[in-house]
Amino acid sequence: MVPLSWYMIFAAALFSTGLFGVLARKNAVAILMGVELMLNAVNINLVALWRYRTPEGIAGQVWAVIVIAVAAAEVAVGLALFISVYRRRKTVVADEIDLMKW
Amino acid sequence: MNINALIWFLPLPPILAFFLIVLVANRKNWISHTLAILAVLLTWAAGMVVFFQAIQTEHLALHPFESAINWFAVGSGYFQIGVLIDPLSTMTLFFVIWTVLMIFIYSVGYHNFGQPKGDHDRPGLPPHGATLSDAHGHKHTVMSIEPMYARFFAFIALFAFGMIVLVISNNLLTLFMGWEIMGLCSYLLIGFWYAKPSARAAMIKAFMTTRVGDVFMLLGIAYLYTQTGTLTYTEIFRPAVLEKLVATPAVFGLFGWSAAALIGVLIFIGTIGKSAQFPLHVWLPDAMEGPTPVSAMIHAATMVSAGVFLVLRMFPLLAAGWEPAAGQLTPPMMFMTVIGSFTALFAATIAVAQNDIKRVLAYSTISQLGFMIAALGIGAYVAAAFHLFTHAFFKALLFLGSGSVIHGMEHGVLHTNDHIDAQNMFNMGGLRKKMPLTFWTFVIGGLALAGFPILTAGFWSKDEILAEAFHSQQWVVLATLALAALLTAFYTMRQITLTFLGKARTPAADHAHETPWTMTFPLVVLAVFAVGAGWFGIGKDFPLLGGLLPNVFHDFVGSTIGEAEVVQFSIWPLLISLLVALGGLTLGWLVYRNYQVGEVDPVQKTLGSVYKILQKKYYFDELYDTIFVRPAVWLSDVFANWVDRTVIDGFLHAIANVVGVIGSFLRNYIDKPVINGFGDLMASITQRLGFNLRPVQTGKIQQYMVYALTTAAIFAAVYFWIISSR
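These protein sequence lines are chains W and E, in that order. Throughout the first sequence, residue numbering follows numbering that gives the first Met the number 0, covering 0 to 101 in sequence. Throughout the second sequence, residue numbering follows numbering that gives the first Met the number 0, covering 0 to 725 in sequence.
So here's chain W without its partners, still in its complex pose (with noise of 0.2 Å):
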């Protein structure tokens, strides 16, 4: 059987991965889909230490079920900004959207 540090090791990669999607890409949308990478691998770990450790309860699986469906509403939440940000400014790129700046 696969050890859980495999598991742990595994999801570490993939978060790190996000995060830098998240902080180094330029395009909007990458970055999203860097978000959902974290989020995926916040999902591996829920699920791998459910079935390493209390395999007996249903909680991880929920909590993992929760996330995933989060992981929907925002991603749906999310583009719709970034349609409706690239209709009035014609771009997505993060660094351009900078109307809060002071």
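Hints are not guaranteed to be accurate.
Ranges of calculated distance between the beta carbons of each label pair, as one might list FRET restraints [claimed, not checked]:
1. E:Gln702 x W:Ala58: 35 to 41 Å
2. W:Ala58 x E:Thr709: 31 to 37 Å
3. W:Lys25 x E:Leu692: 22 to 28 Å
4. W:Lys25 x E:Asp670: 53 to 59 Å
5. E:Arg687 x W:Leu48: 47 to 53 Å
6. E:Tyr718 x W:Leu48: 19 to 25 Å
7. E:Asn691 x W:Gln60: 48 to 54 Å
8. E:Leu692 x W:Leu48: 36 to 42 Å
9. E:Arg687 x W:Ala58: 49 to 55 Å
10. E:Phe719 x W:Ser15: 16 to 22 Å
Here are the simulated lysine-lysine pairs, DSBU-like style, with alpha carbons at most 30 Å apart [claimed, not checked]:
11. W:Lys25 x E:Lys699
12. E:Lys699 x W:Lys89
13. E:Lys195 x E:Lys615
14. E:Lys432 x E:Lys138
15. E:Lys116 x E:Lys138
16. E:Lys116 x E:Lys195
Read the hints as simulated data drawn from the structure, not as lab findings. The structure presented is a predicted model; accordingly, all values stated were derived computationally and were not measured. Note that CB positions come from ideal geometry on N, CA and C, so glycine has one too.
Since the structure of chain W is already known, use the hints to place chain E on it.
Just chain E, lined up with the frame of chain W:
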């Protein structure tokens, strides 16, 4: 009707009239004078009821109408407000209400009611006349109405109130209040034409001079209160109280007098001020600056009478310890005798050399008041009261008459446009044809003043004073008063001759005009009294006439101080008074009947340099100016310019400067650098911090995430470092 309630009512109408005129009616002249005259008419009517009740009451002196209410508590007792009608106040009330009523009516005419407004008249100046043009376009000048007509009536109503309060008061405190109200009113009325500098000076002079007397009087009242614990007359005049006062030595053992003597002298000094006796006589002649009804008010009906009334009222105290049989006068009586007789002669000599018709009368008033004071000094209570009574009428008559003359003259002055002094007797002459009613009433008043035998009231009262002096063997007093009476007759005749007889000496006098009925009617009424008032005091044993009419005056007024001694008739004083009266009158007529325009005054020719002294009133004004006024002004100057401006102001300015220096030090070295600096520093630090931190807010979302990540990493590292180091 309850007589006491009626007595309380007496002073109310004038004071109500005063307030109504001042507060409501002062813009309407006719309402103002109607109110004032209605008020004194009410008082007059009530006063006459009281008068008749009083004279019909048996033993009024023993059971006077008296009632009082407590006013305010002092120590163990109360000061009271009370009224008292005894024979003395009955008599005084009688002449006060009559003369006051006449003066009020007279004032309507005197202030030219019904005449047009003047062309250039301003409040504070006498009316200058108005120009009218008739149907043919012909212009002529007539008298104009007084600009402050309503104000005048308000003031004299207040004056009447003061006098009535004084007369009916049953204690010295309310008497003093009435006394001071009159002092105020005399100030206001003498300075009625306040835009004239001379009137302003006269008003201040009158107020200040009487104030000297008032201060002493108040001292006397206070001393009396400490000794007896009461100010009510009936309490003070109880034999036990008077004996105690006589037995007590005066405070500090002054002059070896008794307390009664010291109190008496102090109170009498109040009279010296109010009744213008030497040496406080100087204010009265200057008081002629006021309108003539005021002069009549002050010199006949009210103010100067109040002074004599006070000594009459306090006579039991002044005479406490006096033994008529032993012939030894008490110190206050001695003082009064000396002051009174000296004043009588002194003022009479000045009157001889005065040219102003009102000033002659002013000095004659001082002189006649001297007669009364001297009479009281030698114990002639009834004679003094009698002379006060008759004098009030004939002097009011004379003043109103002189006012009428001046009024007539001013008419002439306006008509001829010849600007001469309308009050100078040498500008008059021949007025008997122009102003017959004024002439005859003035002659009656003048003869009464001179003491023309049998007919006039002045003769009976003056004769009685001389008889009393003769009887009590005060030869010096008798001689002084007789000489004064001679001079009185002389200057009275001089006045009548110069004013009315002969020919007109100026065009203005030639165009003089009889005054309206409002002015002549009071003259006629007062002339009746100037003759008739004497008939009620004729001695019982006077040859032929004695006993025809009951000697009401002696019995009634004399009963105030117990049974006054009846003076035995003696032929000598009668001869003296006949001689001086007729002699003086004849002399005056002989000297002045042929006086021509431009001639030197015959008296001046005879007396030479003495005349100058007399005309200058013995230089008393100059003397007082040097002794009192100039030093006072100098002292004020020193106090104002040196003490106040230099010392006190300097001290204050020094304090201010020191405080200013300390303040600016604190401001420049503490407040500004330290406190403000700290405040500013905080502000600028915050500002700079904000300025420097501002670039952090880039608005780039990824940068924020880096910050957040870094922070989270740092926190995590610290956390692990803490955990691992445990």
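Practice task
Could you tell me which of the hints above the structure violates, numbers in ascending order?
Solution key: As far as the earlier hints go, not one is violated by this structure.
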